[in-house]
Structures are given as C-alpha cells and as structure tokens.
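J.: Chains R and L, in that order, give the protein sequences.
Residue numbering for the first sequence follows this note's numbering, beginning at 1 and increasing consecutively.
Residue numbering for the second sequence follows this note's numbering, beginning at 1001 and increasing consecutively.
Think of the hints as simulated: they come from the structure by calculation, not from any bench.
Please read all numbers here as calculations on a predicted model, not as lab measurements.
Careful: at least some of the hints might be erroneous.
Claimed, not checked - To give an idea of the interface, some chain R residues facing chain L are shown, with a C-beta separation under 7 Å as derived from the structure:
hint : residue
1    : 35
2    : 63
3    : 68
4    : 70
5    : 72
6    : 75
7    : 124
8    : 128
9    : 143
Even for Gly, the Cβ is constructed at its ideal location relative to N, Cα and C.
Here is what each chain is made of, one letter per residue.
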Amino acid sequence: MSLTGIVRPYGDTTGDGRVQVSFTLPVPFGDETERARAEGAALQLAGKMGLDPAMVVHAKGMGPHFTFFIVYGRVSHLVDLSAVTVTEREFPLLPAAEVNLRIRSGLGRKLVVVGACIGTDAHTVGIDAILNVKGHAGEKGLEYYREIRVVNLGAQVGVPDLVARAAAEHADAVLVSQVVTQRDAHLTNTREMSAAFHAGFGPQRPLLVVGGPRFDPTAAQDLGVDKIFGRGTTPGEVASYLVHALAPSSEAA
Amino acid sequence: MTSKLNLDPALVRRARDLAAAAGQPVVDMARTHTTVSVERAVLRLAGLEGADEDGMPWVNRLADAVRESVGLEHGVALPAWDAMLRGGYPELRTLAGDAGAGLVKFRLPAGGEADAARAAARRSVKKGISRIDGQRAERDRMIAATSDPAMPWIYLIVATGDIYEDIPQAQAAAREGADIIAVIRSTGQSLLDYVPEGATREGYAGTYATQENFRLMRAALDETSRELGRYVRLTNYASGLCMPEIASLAGLERLDMMLNDCMYGIIFRDINPVRTFIDQRFSRQVHARAGIIINTGEDNYLTTADAVDAAHTVVVSQLLNEFFAREAGLADGQMGLGHAFEINPEVPDSFLLELAHAQLVRELFPDAPLKYMPPTKHMTGNVFAGYLLDAFFNLCGVMTDQSILLIGMMTEGIHTPFLSDRDLAIENVRYVKRAAGQLGASFRPEPDGFVARRARQVLDETIDLLGKIGAEGLLNAIADGTFGVTKRPADGGRGLDGVVERAEGYYNPAAEMLEVNP
C-alpha cells in the first residue's frame, strides 16, 4: 500500500470514511423532549466534527445533567500521507529490561543518577515522579530499574552540594527538576548549575539533564546542559535517553 | 467457611506464627521510640489546629520548639503542658504562637509539677479521643438511619486537585452507585513533613489531605447518603511522613477507610523504614479506636514485580499487615487487606491463576474486608480490550467473594477518568454482579485441580519467604529488596531524623489511651 497517497478511514469498504466517536455533553436525558434535544445536540457536534451523515447509535443519561453518546458517521476528509511529518526522537524508547541490559553490556556496572530540585523550589513532584519507584503515568520511576542506582537529594538543594554529591557518588548523570519558578528563576538556576558542573568537573562532568513544565526543550545548548525534558515526560523516556547518551549500543542500529 | 482449596490448617497457622515472629521485633522498636509526627498527632488530638502566616501548622511550630529546647525523648506533652500551666496560657494555640516566636522556655518538669502537666495533657487529649469515639457512634447512627450497602462495595476514586470540584464529582459517583469514595492525594504529599491547612483548590494529580477538606467531603457525602438512603463511605490516605496526624484527623472528621500499609511508604516513597513502622503503629491504634477500616497496599507489589512470580510476596505482606494490625488493636473486620488482578493477560490460564490467588487470600483472611484492585499494568490504551479485562476482574471478584472492589477504568493510564469512563465502569460491575453474583456459591475448584494446586503452591512459597524474613530480620529483608524489588536500608530514606528513642519517663497521653496491649 502506498505511503504517499491519499487515504480515507476504512470501515468495511475502501474509501467509506466511516469512524466511531464517543463523547459526553452536559445536557439532560430525561423525558422525551430532553432526549430528542440531547440527540440533536450530539448530531450537531458530530456534523461540526465533519461526520456527515452521522448516526447516534447510543445515548445514555448519566445523572441529571449529562448524556453519553456513541456516534458513527462518515467523514469526507482526505488524509494526505505525503504531508505527514514525524518528529523523530533522537533516541529509541526502550522497555525497562532493555535499558537494564544496555547498561550491563555498555557500562558493565550500575548507572548512577543523582537527582534534586535546586533553588528555592520545594516541589519535588517532578523529580519524584521520575525517580521514585511509584513513578508517573503508569510507568515506574528510575529506582525500579535494577541497573540504575538513584540518589534523590530532594528539594532546595544548593548547587555546591549537588556538585559535591555528584562527585562523591560518581554520578553518571545529574537530574535537576524545576517546577515552580518566578521571574525565570528556573533558567538562572540551571545556568548556575551547569556552570558549576563545567567548572568543577571539566570535560569529565556527568550528563546534565533538567526537566520541568516551564522549560523549552530546545534550549539545552543555551543553558549549558545536555538535555531538557518538558511537561509530560515519563520515567521511561528519561531512562531511554540516559542509555542512549551513556551506554551506546555496540551493535549498529 | 470450608476450604475450597484444601488448605492445610496447620500450614496456615505456621504462616501466621512466622509472620508474628518476623513482626515482633519491629513492634518492640515502635514501642520504645516516637517520632515528630506521633508527637504532633498528640497536639492535634488536643485540639491544636491552624497554621502561621507561612502556612506552617502550629503543631509543627510547637513540636519543633519543644524539640529544639528539651528534645522529644520525653514526649511533647510534658514540656508543652508544663509551659501552658506555668505561663498561664488559655490554649495551645497561643502557646504555639509564642513558642514559634521563641518566647517560651520549655523544661522537663518533675514531681508534682510533672503530675500536673500530665493531668492537664490527659484532659486535653481526652477531648480529642472522645470526639473520635463520638464520630464512631455517629457513623453507626448514620448507617442505621440510611443503610449499609451489601458487599462487594464499589470503590471509586475522585481526584481533581480542587476540593470544590471533588465534591460534586464524588456526589455524582455515589449517585451512580459508588459505595466508597476515595479522594486521591496530591502527588508528593506523602513526602511533606507537615499537613497542609484549610480547603485547598490546587493539587498535582490529586487533592491535598487536610482537616478542612476531610470535613467538607464528609459533610457532602452525609447529605448524599441521606438522599440515597445508603451510607457512602469516605477514604483517604494515612501514609507518608505525617501518617499519625492524618490518621488522627481522619478519626476526628469521621473518615471511614484509610489506606494504611505497613511497608508502602518504605518501598514506594523511600520513607525511612524505622520512621514508617513507628508512625504506622500509632496510626493503626487511632484507626482501631475510630472504627476505621484500613486498606493495605499489596497491589503495588504486583505493579513492580511479575504478578505470578511475586504472588507469594503479596500474601507475606498481608500476613505481616495482619499481625501489625491486630497488635495495634484493629479487629479483623477493620483489615482491608489488599491484592490485585495484575497477571499478564497473554499468560495462558491467567484467569485461573487470578482465581487461585484471590480465593487463597479469601480463605486465609475469612473475616477481613478484602480490597481487590483492578488491572493497571496491562491496560494498554486499547480501551475496548481494557473494558473486557475489567469485566474478568469483576467476575473474579464476585466469584471469590471479595469485599471491596476498586472499579477499573478502561482508560487507566491514559488520563484521569472521564465522567463516561466511570459510568461505563459501573455498568460493567453491575452487569457482572447481576449476572454472576451467585456464582461463588457454586464455584468448587477440583480439589487437586489447577486452581487448588496453584493456591497451595503460593502458600508454600509464602511460608518459605516468611521463614527467611524471620531468620534475617524484617528490616534486613526490606534492605535486601525482598518487597517490590527496591532495596531500602534501615538507615536510609526520608524522615529518619524525625525518629526519637523514648527516654525513661516518656509520656504520651494519646498512646496511653489508645494502647490495647499495655
């Protein structure tokens, strides 16, 4: 099948354009009038979404104020495959077992990660979501990886302390989180942190990784760090990146 | 109950004996130590509420001031009430204000002055304990005036971060059929060494547990319980660094169930093991008094380890949780021991394995209101397959007579549940209850068939592991990564600096009133 042509959704016949959607509207579904009105509202939304014709196959009141709908319909939109752009992550996402294996074969020892919130930020939500076994978004944190040793320093860690601890632990990577920030303190803090690592370690410095919802993921070079993770990052992405950067596969991909 | 699995009663007794042997040293440690949070809980029971202008609770200010001045080895009560009496303070709040400003000189009173301080402390704390007793009686009255739903209870979670959004969602969930509403806490609250104050409208993936939030939600659910003629229970989390305080607030505000695992914070939040076991014992004593059902967190082990290989670690933890719970005074009917439906659905006979595990737990703990957790690990984003898997979970739950079913969401791991996700989930469990609610009574696995043999194998593995833990010591076993894969040494993790060995003459009026095994 061509990957550059024009396609439509496939229900049971090529080009039929049939799709299924479900949604809730804050409308009552009580007496006959309300029901008719609710279904009409659902059809209106379906029409605006480009479903024509559309059919409400299921409507159910949920409490006095809401109705749930399942709608089937035909969309006329065309999908131009040649116009699909894919932003490639520069590293592959690996399952935990593969991460562990790559560390064992690539490093021959545990990979050491030192994590902290720096500055006055007391919100360890981000760093804990990435590091704690409990994890985030259904993924276990880095502590869960047998081949990663995690040292979580918690919140309000001073930059000199972080540098000293990274040296003492022989950190391969330093993870810094900045969640709550005022007047771009997250940028100032990050620059201070990266400068301290560059000064303290020279070229042998650990990998510097920062994360937080306010960061621009493309600004790593400007801030003097190796990688920036933005909102919604999962532990698996961080683990995969660490392996990509620190334990390159011996086999050419 | 006759065993459907042909369990050998002698083996079951042996498993319990081993759990007791493994747990006793930890109990001894808890009885000879205190923590900052236990001491702050004493102040909360004595009625000290509120926070300073920085949002730091007065209980923290006062306990910290006492600790800096004379230490907490003798408990907070003696020096605090001594200072109250000497300074002529009308209430703890004014004492805490002065103490926070460095205006109070604490000392350890002796002789008659110590007797006076102890008596005053006892009178104040007694008011809190009486309020907890009153709330327990009020729960009974509410249940009598409405009704107690039949088990399995349907357990649903709300978590918007904003208590004023949580309330209508919780009420809606109750109207849809939820028997229990759990308000998930804000991510990271377990790592705060203080309990936030007041009604809160911002949280990360959950709502802060505060006394005011507890009160607001319980009042709202009382209103809904009356409307529905069915008592809707409220759940929160007594875990993390403030476990004893949260437990006390739960008792004071009539929460009905509390997550309260003996090892969850250690394994999954890297809270110091010693701190956790001490805090846990006090919090369970409060729960026992308050008539609160605890929920333990064994389901979490299966989210990190393989649910087949690690099945016995769940039972080991349940037996330990049971030992600690009984020791603290909880009745069997207050032990919502946890487990989960987390076997990879690709594994052949996965449903039979789930049945074996669930039935084993049911038979080992016949009087416990077992809490059964739905699949999370193998929910893939295929919501249709997830809906089917949740139906099998519900079926296993009704077949093996589980008491509390946390309702699985087909959108698990994708987003916080939509209103419609919850409605569909309840439709799912209602269908299964209606269609197969009586199936358990007719379910008789072959005495030497796959299910019975698997259950007996898990029990054997449980006994082996408990033997090893007893020989090694529970704290060492935790340090070695026996539970949930992670290694947690006794001198590591958060909160160890809040642990204090009790000195001769230690006095804690709450512990005195709550102790059932003096």
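J.: If a hint holds in the structure, say so; if it does not, say that too.
T.: Structure-based check of each hint:
Hint status for residue 35 (chain R) relative to chain L: violated, with the closest Cβ pair at about 17 Å, above 7 Å. Below 7 Å, beta-carbon pairs count as interface contacts, and residue 63 (chain R) has one with chain L at about 5 Å; its hint therefore holds. Residue-level restraint check for residue 68 (chain R) holds (minimum Cβ-Cβ distance to chain L is 4 Å; threshold 7 Å). Among the interface hints, the one on residue 70 (chain R) is violated; its C-beta lies about 10 Å from the nearest C-beta in chain L, farther than the 7 Å criterion.
The closest approach between the C-beta of residue 72 (chain R) and any C-beta of chain L is roughly 15 Å, which is over the 7 Å cut-off, so the hint fails. A distance limit of 7 Å between C-beta atoms decides the matter here; for residue 75 (chain R) the minimum to chain L is near 20 Å, and the interface restraint is violated. Hint status for residue 124 (chain R): holds, given a least beta-carbon distance of 6 Å to chain L, under 7 Å. For residue 128 (chain R), the interface hint holds, since its Cβ comes within 7 Å of a Cβ in chain L; the closest pair sits about 6 Å apart.
Nearest Cβ of chain L to the Cβ of residue 143 (chain R): about 6 Å, under the 7 Å cut. The hint holds.
In this structure, the hints that do not hold are numbers 1, 4, 5, 6, in rising order.
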